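Q: Sequence:
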Amino acid sequence: MSWAHLFLIIGGGGTMTKFEKIYLMILILDLLVQIIDLFK
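Here the working numbering is used: the first residue of the sequence shown is 24, the next is one more, and so on.
Each hint should be verified, as a subset may be incorrect.
Here are the simulated distance ranges between beta carbons [to be verified]:
#1 Val56 with His28: 18 to 24 Å
#2 Phe30 with Phe62: 18 to 24 Å
#3 Lys41 with Phe62: 30 to 36 Å
The set of hints was computed from the structure by calculation and includes no laboratory data. Here the structure is a predicted model, which means the values were calculated and not measured. The beta-carbon is built from N, C-alpha and C at its ideal position, and this holds for glycine as well.
From just these sequences and the hints, can you work out the full model?
A: What follows is the structure, given as structure tokens:
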């Protein structure tokens with residue numbers, strides 16, 4: 024699953040529940056933290 028696909032789901036995810044969107048946001052934030060840690 025690509026980043027663009029994730030953002031499409033979040034942006035146009037009318038069929039998604041609020042919980043699913045929150046879960047996806049947490050996953051993305053977690054990924055960002057890991058990426059930032061790599062560059063430290």
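Q: Hint by hint, note whether the structure agrees.
A: Okay, the hints, checked on the actual structure:
The given range of 18 to 24 Å is respected by Val56 and His28, whose C-beta atoms sit roughly 20 Å from each other. With their beta carbons about 22 Å apart, Phe30 and Phe62 fall inside the hinted range of 18 to 24 Å. In this structure, Lys41 and Phe62 meet the distance hint of 30 to 36 Å, their C-beta atoms being roughly 32 Å apart.
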